[in-house]
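*Asks:* Sequence:
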Amino acid sequence: METKNDSAVISDREFIALLKAAKQHDAEAALQLIALYREDMLRISKYIQLPEEDVVSHIVLEFLEMIQTGG
Numbered sequence: 001m002e003t004k005n006d007s008a009v010i011s012d013r014e015f016i017a018l019l020k021a022a023k024q025h026d027a028e029a030a031l032q033l034i035a036l037y038r039e040d041m042l043r044i045s046k047y048i049q050l051p052e053e054d055v056v057s058h059i060v061l062e063f064l065e066m067i068q069t070g071g
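Taking the working numbering, the leading residue of the sequence shown gets 1, the next gets one more, and so forth.
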């Protein structure tokens, strides 16, 4: 059983609104999406044998590109 839920929880409606705003190049919305997934990105970065900062930067870049291209 999970004892700690470190991810923020937002409604689907809020998520879709953030996603649409980020696709329109709204920097604040993009930052909110990154913050929403930050803990997951940090957790994943520990499994890649490179400096954590480099891995997280790459994950964030890929995440932003995925938002812009839609997939």
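Hints are computed from structural coordinates only; laboratory data are not their basis.
Small disclaimer: the values here were computed from a predicted structure and weren't measured.
Hints may be right or wrong, so weigh each one.
[What the hints assert, rightly or not] Label-pair distances were calculated between CB atoms; the ranges are:
{"#": "1", "residue 1": "K23", "residue 2": "Q49", "range": "31 to 41 Å"}
{"#": "2", "residue 1": "P51", "residue 2": "D12", "range": "18 to 28 Å"}
{"#": "3", "residue 1": "K20", "residue 2": "P51", "range": "12 to 22 Å"}
{"#": "4", "residue 1": "S11", "residue 2": "L64", "range": "19 to 29 Å"}
{"#": "5", "residue 1": "Q24", "residue 2": "L50", "range": "28 to 38 Å"}
{"#": "6", "residue 1": "D54", "residue 2": "S11", "range": "29 to 39 Å"}
{"#": "7", "residue 1": "D12", "residue 2": "D54", "range": "16 to 26 Å"}
{"#": "8", "residue 1": "L42", "residue 2": "L19", "range": "17 to 27 Å"}
{"#": "9", "residue 1": "E28", "residue 2": "M66", "range": "15 to 25 Å"}
{"#": "10", "residue 1": "K23", "residue 2": "H58", "range": "17 to 27 Å"}
{"#": "11", "residue 1": "Y47", "residue 2": "K20", "range": "24 to 34 Å"}
Using N, Cα and C, we set each Cβ at its ideal position, and we do this for glycine too.
*Asks:* If a hint holds in the structure, say so; if it does not, say that too.
*Replies:* Hint-by-hint comparison with the structure:
1. Taken as a hint, the range 31 to 41 Å holds for the pair K23 and Q49, whose Cβ atoms sit roughly 33 Å apart.
2. At roughly 35 Å, the beta-carbon separation of P51 and D12 lies outside the given 18 to 28 Å, and the hint is violated.
3. Checked against the hint of 12 to 22 Å, the pair K20 and P51 fails, with Cβ atoms roughly 34 Å apart.
4. Between S11 and L64, the C-beta spacing of about 22 Å keeps the proposed range 19 to 29 Å intact.
5. In this structure, Q24 and L50 meet the distance hint of 28 to 38 Å, their C-beta atoms being roughly 32 Å apart.
6. Hint check: D54 to S11, Cβ distance near 33 Å, so the stated range 29 to 39 Å holds.
7. Between D12 and D54 the CB atoms are about 33 Å apart, so this pair departs from the stated range of 16 to 26 Å.
8. Remark: the range hint 17 to 27 Å for L42 to L19 is upheld by a beta-carbon distance near 21 Å.
9. Remark: the range hint 15 to 25 Å for E28 to M66 is upheld by a beta-carbon distance near 18 Å.
10. For K23 and H58, the hinted distance range of 17 to 27 Å is satisfied, since their beta carbons lie about 21 Å from each other.
11. Distance hint check: the CB atoms of Y47 and K20 are about 31 Å apart, consistent with the given range 24 to 34 Å.
Hints 2, 3 and 7 from the earlier list are contradicted by this structure; the remaining hints agree with it.
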